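From just these sequences and the hints, can you work out the full model?
Listed here are the chains, written in short residue letters.
Protein chains: 2
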Amino acid sequence: MVVEVRVKLKEQVLDPQGEAIRRVLAGLGYAEIEQVRVGKLMLLEVAGKDATAVRSRVEEACREVLANPVIEEFEVRLP
Amino acid sequence: MVVEVRVKLKEQVLDPQGEAIRRVLAGLGYAEIEQVRVGKLMLLEVAGKDATAVRSRVEEACREVLANPVIEEFEVRLP
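Residue numbers (the working numbering), protein chains in the order written: chain A, 5 to 83; chain B, 5 to 83.
If you're looking for bench data, these hints aren't it; they were derived computationally from the structure. One or more hints might be untrue.
No distinction is drawn between identical chains; accordingly, a pair holds when it is met within one copy or between any pair of copies.
[To be verified] Straight-line Cα separation of at most 20 Å, SDA-like style, residue types lysine to any residue; simulated pairs:
1) 12 x 80
2) 53 x 33
3) 53 x 36
4) 14 x 49
Please read these numbers as outputs of a predicted model, since none were measured by experiment.
Right under this line is the structure:
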């Protein structure tokens, strides 16, 4: 099954990449785009039929590898 | 409103970053994660109340700045 992992910077963490994009957009006339935050969207093809087990393993992988718990938070979405 | 922009590599485009992550996961015992594709998840705070107009402007920004149409595809999701 395809599992979606969303990794975002925690709210209190500055996002210089997002701010740079916002500034470029403002310069191009998109002043209504007032804030940009950039995260990662990972799509995992995972073998397994038991959604609970798959979710648990992917969350483990997030904690171990896919997200940095100091500055990021993750969310796992199953189909 | 907060608009979600999802930018993914087109299916036929190789994703070396995703493949590197897959290999690391396999080395750690996550052999059931058979493929990883990495995209961007951008959260935009956009001024405006007309959902149709906001969507149209954000799609324009995607075409102009946020996605590379040669290798990427984007999707705009409104609340």
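Verification of the hints:
Within a single copy, residue 12 and residue 80 get their C-alpha atoms as close as 12 Å, and across copies as close as 17 Å, so both meet the 20 Å cut-off. Proximity of residue 53 to residue 33 under the C-alpha cut-off of 20 Å is restricted to the inter-copy arrangement: shortest distance 18 Å between copies versus 48 Å within a copy. For the homomeric pair residue 53 and residue 36, the shortest alpha-carbon distance between copies (11 Å) is at most 20 Å, but the shortest distance inside one copy (44 Å) is not. In this homomeric assembly, residue 14 and residue 49 come within 20 Å of each other (Cα to Cα) only across copies, at 16 Å, whereas the closest approach inside a single copy is 26 Å.
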